[in-house]
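Colleague: Sequence:
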Amino acid sequence: MVYILFVAGLLGLFFGGEFLVRGAANVARSYRISPMVIGLTIVGFGTSTPELLVSLNAALDGASSIAVGNVLGSNIANILLILGLTALIYPVAVDGRRVWKDLAFMVGAAVLLWIMLLGDGLSRIEAGVLVAALLGFLVMSFLSGRTEAEETDPEALTPVWKSALITLGGLVVLMVGARLLVDSSTQIARSFGISEAVIGLTIVAVGTSLPELATSVIAAWRRHSEIAVGNVIGSNIFNVLGILGITGLVLPIEGLDPRFLREDMPWVLGSSLLLVLLAFALKGVPRWAGVLLLLAYGGYVALML
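Residues in the sequence shown are numbered from 1 upward in steps of one, following UniProt numbering.
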């Protein structure tokens, strides 16, 4: 039964990601919004739902370090692991000159979080600042997205209500598939005698990023590079500004593990700057760069162990 659930999880990720990408692309065309903006917002924020639930539950249970570690680990995995795997399947195109504002928001969010964590946590005021920054990002994205989209030629469009249902249905199937895959993988790993620490650092940590992985891979495979990249950038922005902002408003985050400042935040900021470098220098992530990203993620995991 565990192996059946594992296969069901994989199928859920595939079909959920397929429907989510297809529906999101149709919504973008229907409302004359660029696919990049849809990837940054609807897709990027939607696939970050697991991280939000995990962080909120962890904070309410008094495990603030898990709440913050979940976000930092997911942001590192989004760039190094997800974009790396996506580029191996199909090179990802991203022009830094077109998305410089979004990249700047992603890097700025990482820097802002690092400064806030110097105080050993997040107060409600600091959390409010993060949420306000997220609202500003949303306004900027939709205003700039409409201007870009008006340059495209009109196409035969799927009805908006149908596209919205496909998008929502894909997101739900994606979440269910990710949950099944994480649970079944954990049970399989335990049956082989793999330690809880290794399971936590690998299966569970990457598990909350599975929706981003499935969505980005399928988007790149269907030649929707803007949605693939927007998904990663949007998820990273939402993880910091939205998830930690909302979590901090519900319950101030205190008593954090000092390793976040010493070890993890440099990786969060470094991976963000690496994506900026690839976007401006190479206008994307070719396959060889994808290999380097995966090697860097392997190095990060090795250091954690």
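Please keep in mind that the hints were generated in silico from the structure rather than gathered at the bench.
Quantities reported herein were computed from a predicted structural model and do not represent experimental measurements.
A hint or two may mislead.
As the list claims (entries may be wrong) - Each pair of labels, with its calculated beta carbon distance range: (1) Arg124 to Arg179: 15 to 23 Å; (2) Arg259 to Arg190: 20 to 28 Å; (3) Leu168 to Phe142: 33 to 41 Å; (4) Ala302 to Leu277: 20 to 28 Å; (5) Arg124 to Trp161: 35 to 43 Å; (6) Gly136 to Val2: 39 to 47 Å; (7) Gly119 to Lys162: 20 to 28 Å; (8) Glu254 to Leu277: 33 to 41 Å; (9) Leu251 to Met1: 21 to 29 Å; (10) Gln187 to Arg223: 32 to 40 Å.
Note that CB positions come from ideal geometry on N, CA and C, so glycine has one too.
Colleague: Indicate, hint by hint, whether the structure satisfies it.
Modeller: Now for the hints, and whether the structure bears them out:
Look at Arg124 against Arg179: about 31 Å separates their beta carbons, and that is not inside 15 to 23 Å. Checking the proposed 20 to 28 Å range against Arg259 and Arg190 shows it holds: the Cβ atoms sit about 26 Å from each other. Hint check: Leu168 to Phe142, Cβ distance near 19 Å, so the stated range 33 to 41 Å is violated. In this structure the hint that Ala302 and Leu277 lie 20 to 28 Å apart at CB holds, the actual value being about 23 Å.
For the pair Arg124 and Trp161, the beta carbons lie near 39 Å from each other, so the given range of 35 to 43 Å is met. The hinted range of 39 to 47 Å is satisfied by Gly136 and Val2, whose Cβ atoms lie roughly 45 Å apart. Distance hint check: the CB atoms of Gly119 and Lys162 are about 48 Å apart, inconsistent with the given range 20 to 28 Å. Checked against the hint of 33 to 41 Å, the pair Glu254 and Leu277 passes, with Cβ atoms roughly 35 Å apart.
Distance hint check for Leu251 and Met1: the Cβ-Cβ separation is about 37 Å, which falls outside the suggested range of 21 to 29 Å. Distance hint check for Gln187 and Arg223: the Cβ-Cβ separation is about 37 Å, which falls inside the suggested range of 32 to 40 Å.
Going down the numbered hints, you'll see the structure goes against 1, 3, 7 and 9, while the others check out.
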